[in-house]
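*Asks:* The chain contents come next:
Number of protein chains: 2
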Amino acid sequence: MTYVDESEVKSVSQATLRRLPKYLHLLRNLKRRGRDAVSCSFIGEHLSLDPTQVRKDLAVTGVIGKPKVGHGTSELIDAIEQFLGWNNVTEAFLVGVGNLGAALLGYDRFNHYGLKIVAAFDKDPAKVGKTIGDYDVLPLEKLPDLARRMNILMGIITVPAEAAQSVADLMVSSGIRAIWNFAPVNLQAPEPVIVQDEELYATLAILSRHLAKNLKSEKLERGIEVNGLDS
Amino acid sequence: MTYVDESEVKSVSQATLRRLPKYLHLLRNLKRRGRDAVSCSFIGEHLSLDPTQVRKDLAVTGVIGKPKVGHGTSELIDAIEQFLGWNNVTEAFLVGVGNLGAALLGYDRFNHYGLKIVAAFDKDPAKVGKTIGDYDVLPLEKLPDLARRMNILMGIITVPAEAAQSVADLMVSSGIRAIWNFAPVNLQAPEPVIVQDEELYATLAILSRHLAKNLKSEKLERGIEVNGLDS
Numbered sequence: 001m002t003y004v005d006e007s008e009v010k011s012v013s014q015a016t017l018r019r020l021p022k023y024l025h026l027l028r029n030l031k032r033r034g035r036d037a038v039s040c041s042f043i044g045e046h047l048s049l050d051p052t053q054v055r056k057d058l059a060v061t062g063v064i065g066k067p068k069v070g071h072g073t074s075e076l077i078d079a080i081e082q083f084l085g086w087n088n089v090t091e092a093f094l095v096g097v098g099n100l101g102a103a104l105l106g107y108d109r110f111n112h113y114g115l116k117i118v119a120a121f122d123k124d125p126a127k128v129g130k131t132i133g134d135y136d137v138l139p140l141e142k143l144p145d146l147a148r149r150m151n152i153l154m155g156i157i158t159v160p161a162e163a164a165q166s167v168a169d170l171m172v173s174s175g176i177r178a179i180w181n182f183a184p185v186n187l188q189a190p191e192p193v194i195v196q197d198e199e200l201y202a203t204l205a206i207l208s209r210h211l212a213k214n215l216k217s218e219k220l221e222r223g224i225e226v227n228g229l230d231s
Numbered sequence: 001m002t003y004v005d006e007s008e009v010k011s012v013s014q015a016t017l018r019r020l021p022k023y024l025h026l027l028r029n030l031k032r033r034g035r036d037a038v039s040c041s042f043i044g045e046h047l048s049l050d051p052t053q054v055r056k057d058l059a060v061t062g063v064i065g066k067p068k069v070g071h072g073t074s075e076l077i078d079a080i081e082q083f084l085g086w087n088n089v090t091e092a093f094l095v096g097v098g099n100l101g102a103a104l105l106g107y108d109r110f111n112h113y114g115l116k117i118v119a120a121f122d123k124d125p126a127k128v129g130k131t132i133g134d135y136d137v138l139p140l141e142k143l144p145d146l147a148r149r150m151n152i153l154m155g156i157i158t159v160p161a162e163a164a165q166s167v168a169d170l171m172v173s174s175g176i177r178a179i180w181n182f183a184p185v186n187l188q189a190p191e192p193v194i195v196q197d198e199e200l201y202a203t204l205a206i207l208s209r210h211l212a213k214n215l216k217s218e219k220l221e222r223g224i225e226v227n228g229l230d231s
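Chains as they are written, first to last, in our numbering: chain G, 1 to 231; chain H, 1 to 231.
Any given hint could turn out to be false.
Same chains, same label: a pair holds when it works inside one copy or across any pair of copies.
[Unchecked claim] Within a straight-line C-alpha distance of at most 25 angstroms, the following computed DMTMM-like cross-link-like pairs (lysine to aspartate or glutamate) qualify:
#1 K213 <-> E199
#2 K31 <-> E199
#3 K127 <-> D108
#4 K68 <-> D136
#5 K130 <-> E162
#6 K216 <-> D197
Simulated from the structure, these hints should not be mistaken for lab results.
So that you can see chain G by itself, here it is in the shape it has in the complex (with noise of 0.2 angstroms):
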């Protein structure tokens, strides 16, 4: 296999990152229907994706593709794998168990993705104690020592907003290395904690704009006047 020191990658760009994972699934759908190579093209058909920027961001993980023959469909799992550092799992804690902690605990697919959830903490009496799936909730008093003890480097944050920036303050001050914030507020982390917000909001914006577009090329296909297209 031949990898790319990682130090020549210069800046890999976020959505480079985030399509990342659309490969590897496809990439893992084909591996096990016995196919061995597969083309930049052939991933871009199925994913509806410029076959350009897929080789452009298969290129990131250093492994390059032999002319009419492609990419070799197992060694562009391993190096997207090792590219995301998902080839070891990295065990998490989750704090907040509401519904949206309670759908991510029942998450069974995060195995595939390097991640694997290994506790739930609540602070909430009523709901410590209570099974969730395969988890015990425990108290979040409990977080810091089980933290350090199985030197757990990822946190993951579903309480609402307001208490958002304590937790996250008690995983950082645990040893915990990086969050990913579900609460719709921006934290706040000393280097060299990584924290990611998955933001619902960007995505429904992406979707907004769509629509927005289409419903009101329609209306001028109609010929029905626009509001503030000639103002």
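On the provided structure of chain G, position chain H as indicated by the hints.
*Replies:* Same frame as chain G, but now just chain H:
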């Protein structure tokens, strides 16, 4: 107010679209605190973004800032809302009231982002008739008739992967034009219907990559041999 005719705006990147809700959120907070104008540097500083990036992003809405003064806060809010179609609230139906569906029904902030979930459906007789927050869960069979009568344009899918396509088909045949899909599957829908997947794994990929990079560079600093770098 000066808006550029939208047909002049070429293609807007998804990255820009994803950032617009962040700007909107900040601008609304500033407006509440009585701030009339804001500069791109100020916005950039607050959101940890490059001011040039902010300027480029905001330009897609057609509002142009004044030198030394910056952008008018209210003007910018209006422009972003109009650009995203959030000046009019879009009514949506949600199908699938498991944990994730219930979590979305409980999100009371969607209305600030142009979205109002007006009804929730499930095909499980055990769930139909129950109340979740403000919603009575309706049987899925009622969706087509209600969607047409209420002229619903947006559907939210929070059912398991194996049921998602049939729900999408039902939505499309009921006149729904935009689908926000939370099921971990690629859905097919005919033009001009838009499907936007909520890709949790995409966010996870960004987080995992940064964590893997940080850990690797720390190991390198500590002089520990790292697998794969010298192979």
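*Asks:* My question is about K130 and E162: at a cut-off of 25 angstroms on alpha-carbon distance, are they close within one copy, between copies, both, or neither?
*Replies:* within (23 angstroms within a copy, 29 angstroms between copies)
*Asks:* Evaluate K127 and D108 at a C-alpha cut-off of 25 angstroms and name the case that applies: within, between, both or neither.
*Replies:* both (22 angstroms within a copy, 22 angstroms between copies)
*Asks:* For the identical chains here, do K68 and D136 meet the 25 angstroms Cα criterion within one copy, between copies, both, or neither?
*Replies:* Neither, since 53 angstroms and 57 angstroms both go past 25 angstroms.
*Asks:* One pair to classify: K216 and D197, alpha carbons no more than 25 angstroms apart. Within, between, both, or neither?
*Replies:* Cα proximity of K216 and D197: across copies only (23 angstroms, versus 32 angstroms in one copy).
*Asks:* If the cutoff is 25 angstroms on CA atoms, where do K31 and E199 land: within, between, both or neither? Let me know, please.
*Replies:* between (32 angstroms within a copy, 22 angstroms between copies)
*Asks:* Could you place K213 and E199 in one of the four classes (within, between, both, neither) given a Cα distance threshold of 25 angstroms?
*Replies:* both (22 angstroms within a copy, 23 angstroms between copies)
Of the numbered hints stated above, the single one contradicted by the structure is hint 4.
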